[in-house]
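Enquirer: Produce the complete structure using the sequences and hints provided.
Every letter in the sequence shown is one number past the one before it in full-length UniProt numbering, and letter 209, counting from 1, is 209.
Just so you know, these hints were derived from the structure itself, not from any lab. Backbone N, C-alpha and C define an ideal beta-carbon position, used for all residues, glycine too. Careful: at least some of the hints might be erroneous.
Computed spacing ranges between beta-carbons, pair by pair [stated by the list, open to error]:
id	residue 1	residue 2	range
1	D220	N141	30 to 40 Å
2	F44	E218	35 to 45 Å
3	R81	K47	15 to 25 Å
4	I248	K80	37 to 47 Å
Computed list of lysine to aspartate or glutamate pairs in EDC-like fashion (alpha-carbon distance at most 20 Å, straight line) [as the list claims (entries may be wrong)]:
id	residue 1	residue 2
5	K207	E87
6	K207	E146
7	K80	E99
8	K80	D293
9	K47	D224
10	K98	D293
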Amino acid sequence: MSSSTIINRQLLDFVRNLLNPVPQYVLGSLPAIATIGAAPMEDFFQKIMWVFRCLGCPFIGLFYTCNIPSDETAIFWLPKRCFRGVEIDRHDNSTIIKEIPYKPVGHHAMLLIMPEFNQRFVRELEANARVLQGLDECVANASVLERFSSLVAAYYISVGIIAAIARVFGPVVCEDWPYIPLLLAWTLPAIYRRIIHGRLLVRDPNKRLGDNIIYVREFDHIQDKESIHIRVVITAIASITVPWTTIILAYSTPPTGFFCRSKYISVICALWSFNSFLGYIHHLVGEKNKVVDYILGVWYSLCGLFVGFLLFLLTLLSKKPELWYPNNLKQLL
1 MSSSTIINRQ LLDFVRNLLN PVPQYVLGSL PAIATIGAAP MEDFFQKIMW
51 VFRCLGCPFI GLFYTCNIPS DETAIFWLPK RCFRGVEIDR HDNSTIIKEI
101 PYKPVGHHAM LLIMPEFNQR FVRELEANAR VLQGLDECVA NASVLERFSS
151 LVAAYYISVG IIAAIARVFG PVVCEDWPYI PLLLAWTLPA IYRRIIHGRL
201 LVRDPNKRLG DNIIYVREFD HIQDKESIHI RVVITAIASI TVPWTTIILA
251 YSTPPTGFFC RSKYISVICA LWSFNSFLGY IHHLVGEKNK VVDYILGVWY
301 SLCGLFVGFL LFLLTLLSKK PELWYPNNLK QLL
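Expert: See the structure below:
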């Protein structure tokens with residue numbers, strides 16, 4: 001048989017795989033990616049790039065959904081130049097307004113100045129009231145369809161986790177592997193928030209804010225700030241470690257061993273863990289340098305594109321699970 005004939009047959013087999021129906025659990029898990037990557041940008045390309053950025057760095061999506069209060073959702077999308085810190089001078093009891101070096105979220109979180117803080121800051125209170133009223137118009141309640149699609153994603157991911165655990169203790173059966181729902185298990189906190197709280201941005205707060213300034217202050221009690229620190233650290237640890245549970249289940253599923261399926265998935269998990277660690281360090285030291293912010297944003301988006309391609313390829317390979325068995329390793333190498 002000539003080499004051209006072999007290539008033509010392989011090409012036909014590949015096309016047939018593309019024409020086959022996409023596994024139901026893959027379609028059911030897609031809303032999880034859309035939920036974790038929801039963004040208020042009006043430009044479609046920017047929206048897509050944010051989705052890929054969150055897909056390339058789980059910490060970014062989880063940080064936004066797990067550490068920003070629902071009533072302050074719009075603040076996450078504003079640059080640090082939009083904020084001013086307010087404090088009282090202990091010597092002469094005067095008001096000090098200064099620029100802050102970081103965006104006031106996460107480890108650098110600060111409180112919005114509200115009327116219950118101090119009635120002496122009339123100008124700052126009035127300014128915040130006007131700004132927050134405008135930002136509230138950027139937020140809307142999620143529709144029934146949006147919540148239902150998130151619920152469907154949560155269902156398929158949960159069923160995928162249960163099925164994977166069950167197969168660890170089951171016989172060797174040549175079936176498809178629910179690895180895509182398992183790999184997206186880290187999106188469950190974002191899905192939960194969308195279903196329960198149902199708040200999402202529908203307008204770009206940067207355009208709504210204009211040249212206005214938001215005034216913030218430090219926490220009154222150190223315990224409140226410590227709880228935020230703990231939540232951010234837990235988010236970072238989860239985004240780094242949770243994807244590796246898929247490797248553990250893939251390794252433990254008969255035939256037991258670190259074969260092609262585990263090696264393939266470990267590439268995705270390693271990339272996610274590295275980027276999540278990088279994203280956490282970037283947040284910890286502060287987003288000070290615009291050039292570094294831009295470079296990391298491009299890197300995360302490129303990684304998201306690569307991960308998306310690997311997930312797509314995994315979908316095709318899932319239709320031929322016999323290729324994952326040790327007797328057929330050479331077919332994938």
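Enquirer: Between I248 and K80, does the beta-carbon spacing fit 37 to 47 Å?
Expert: holds (40 Å)
Enquirer: For K80 and E99, compute the direct alpha-carbon distance and say whether it is at most 20 Å.
Expert: Status holds; Cα separation ~9 Å.
Enquirer: Holds or violated: 35 to 45 Å for the Cβ distance of F44 and E218?
Expert: holds (39 Å)
Enquirer: Please work out if K98 and D293 have their alpha carbons no farther apart than 20 Å.
Expert: violated (23 Å)
Enquirer: Checking one constraint from the list: CA of K207 to CA of E146, max 20 Å. Satisfied?
Expert: violated (25 Å)
Enquirer: Has the given pair, K80 with D293, been kept, meaning a C-alpha gap of at most 20 Å?
Expert: holds (13 Å)
Enquirer: Run the distance test for K47 versus D224: straight-line Cα separation, threshold 20 Å.
Expert: violated (33 Å)
Enquirer: Quick check on a hinted range of 30 to 40 Å for D220 and N141, using CB atoms only.
Expert: holds (31 Å)
Enquirer: Looking only at beta-carbon atoms, does the pair R81, K47 fall within the given range of 15 to 25 Å?
Expert: This hint holds: roughly 23 Å between Cβ atoms.
Enquirer: For the pair we were handed, K207 and E87, check the Cα-Cα distance against 20 Å.
Expert: violated (28 Å)
When the structure is compared with the earlier hints, violations turn up for hints 5, 6, 9, 10 and for no others.
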